Amino acid sequence: MSRTKIEFAVQMTCNSCVEAVKKSLENASEIKSVDVNLDTGSVVVDSSLSTLDLQKRLESTGRKVAVRGYAGSIAAVSIIEAGDKSVQATPDVCIIDGTVDGLKPGPYQISVHEAGDLSRGCESVGDIYHPDKTCSQRLYGNLGTVKAEAGGRAAFRLEDDTLKLSDIIGRSFVIAEKPEENREGRRLACGVIARSAGLFQNPKTICACDGVTLWDEVSKPRL
Amino acid sequence: MLTFAVLSTFLLYAFAEKSAVVNLSDPSGEYNVTGNIIFTQLDNGIVNITGTVTGLTPGNHGFHIHNLGNLEDGCTSTGAHFNPHNLTHGGPTDTIRHVGDLGNIVASNEGVSVINVTDNIIALEGLHNIIGRAVVVHALEDDLGRGGVPDSILTGNAGARASCGVIGILNDE
Ligand SMILES: [Cu+2]
Ligand SMILES: [Zn+2]
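One line per chain: the protein sequences are S and E, in this order. First residue of the first sequence: 1474, per the working numbering; consecutive thereafter. First residue of the second sequence: 110, per the working numbering; consecutive thereafter.
Treat each hint with caution, since some may be false.
As the list claims (entries may be wrong) - To list a few chain E residues with every Cβ distance to chain S over 12 Å, as calculated:
1. A129
2. L151
3. I158
4. T163
5. T166
6. N169
7. G200
8. V215
9. I224
10. D228
11. I230
12. R255
As the list claims (entries may be wrong) - Residues from chain E that face chain S, not an exhaustive set, calculated with beta carbons under 10 Å:
13. V131
14. N132
15. E181
16. S186
17. T187
18. L233
19. I240
20. A243
21. I276
22. G277
23. I278
The hints are simulated quantities; they were obtained by calculation from the structure and are not laboratory data. Every value quoted in this text rests on a predicted model; they were computed, and no experiment measured them. Ideal Cβ placement from N, Cα and C applies to all residues, glycine included.
Between the sequences and the hints, there should be enough to build the whole structure, so can you do that?
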């Protein structure tokens, strides 16, 4: 598994908090290093765990946690329903890390579609993306299958060495029912693949727009 | 006359290099401002911006491209105005402006704004590429940097973010 660096903002006020945060990330062979900066409230984790796994560990200390950025020249995020993230971690491997809630248990197809047009919901995003020039053996935008567990959540972390993030920004990410025969499965949810902050590009903890702190934003209920 | 109009529309699309689209919504649920806007970059680099936004209060509303398309925390996580040259905030016709400064859109008494403008700074490719970033429509008027309050030269003091959406690819023939 390739590792990625993810930066979290964690509400920390003292050195004992730093210890508690470090402790929450101990005993996992998937975690290579943890960098905690009390002054900036930043925790950088180098691991092969999913964002959700890491966030759960950090939240187990009773602190508020938010994702601040991902390593890589560009990072992207696509919000579909409960929020799915797609991240490029290294120049060669695209890491797609995400969570989708509200599904019936079972397998689902995830793919990148050619357009980022949600005018008619998931019907206007076009076909699965497959540029003419590609030398890929498979349908370029086909990312494969993920499984939703009993609680209706599909959490996944896929590595893909075909996809380049710069090719897919502005297109869309779709989760669909498994295809039957040669027929595409019904599209259940989709989102435009958007630019998001990279590592250390998001230093602020207060949003200049309305004076709402990052922590107020995290506490806000999501609709 | 009708024939001419149809023909010119056809030509516009035939020579267009690239188009992008944004579907605006209000994740906060407080403003219920929605809309659909299309950006078309012509061969000469000028970008046509056309569309409709509804649910606004009558009058002017700040209209910007924000740096990120991240809607994880609603419109607040789209970051600041798209500003690759690190300049101060301005109006669309100013030489000193953020790339993302598109000024104001004007809503009718019914709260509808029909947009049909051009801009020669934003682009659908290269350094000024707006694809994957966000369109934000604000609750208040953008003072175009001339309001005299500290926020004027940062954001145009346009108030809360009433609606936003990620700019996606429409076609790229
Ligand atoms: Cu704005
Ligand atoms: Zn600006």
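We went through each hint and held it up to the structure:
1. A129: A129/E is in fact no farther than 12 Å from some Cβ atom of chain S, at 7 Å.
2. L151: L151/E is indeed farther than 12 Å from all Cβ atoms of chain S, at 19 Å.
3. I158: holds (16 Å)
4. T163: With a cut-off of 12 Å, T163/E remains clear of chain S, as the shortest Cβ separation is near 14 Å.
5. T166: Holds, because the least Cβ-Cβ distance between T166/E and chain S comes to about 17 Å, which exceeds 12 Å.
6. N169: Correct as stated: the minimum Cβ-Cβ distance to chain S is 18 Å, above 12 Å.
7. G200: The claim stands: G200/E keeps its Cβ more than 12 Å from every Cβ of chain S (closest is about 19 Å).
8. V215: holds (22 Å)
9. I224: Fine: 15 Å to the nearest Cβ keeps I224/E off the interface.
10. D228: holds (18 Å)
11. I230: holds (18 Å)
12. R255: The assertion about R255/E holds, with a minimum of 19 Å to chain S.
13. V131: With a minimum Cβ separation of about 8 Å from chain S (threshold 10 Å), the hint on V131/E holds.
14. N132: Interface hint status for N132/E: holds (4 Å vs cutoff 10 Å).
15. E181: Interface hint status for E181/E: holds (6 Å vs cutoff 10 Å).
16. S186: Status holds, d = 8 Å.
17. T187: Because about 9 Å separates T187/E from the closest Cβ in chain S, which is inside the 10 Å limit, the hint holds.
18. L233: Where the cut-off is 10 Å and the nearest Cβ of chain S is about 9 Å from L233/E, the hint holds.
19. I240: holds (4 Å)
20. A243: Holds - the Cβ of A243/E comes within 10 Å of chain S, reaching about 7 Å at its closest.
21. I276: With a closest approach of 7 Å, the I276/E hint holds.
22. G277: holds (2 Å)
23. I278: Since the shortest Cβ distance to chain S is 4 Å, the answer is holds.
When the structure is compared with the earlier hints, a violation turns up for hint 1 alone.
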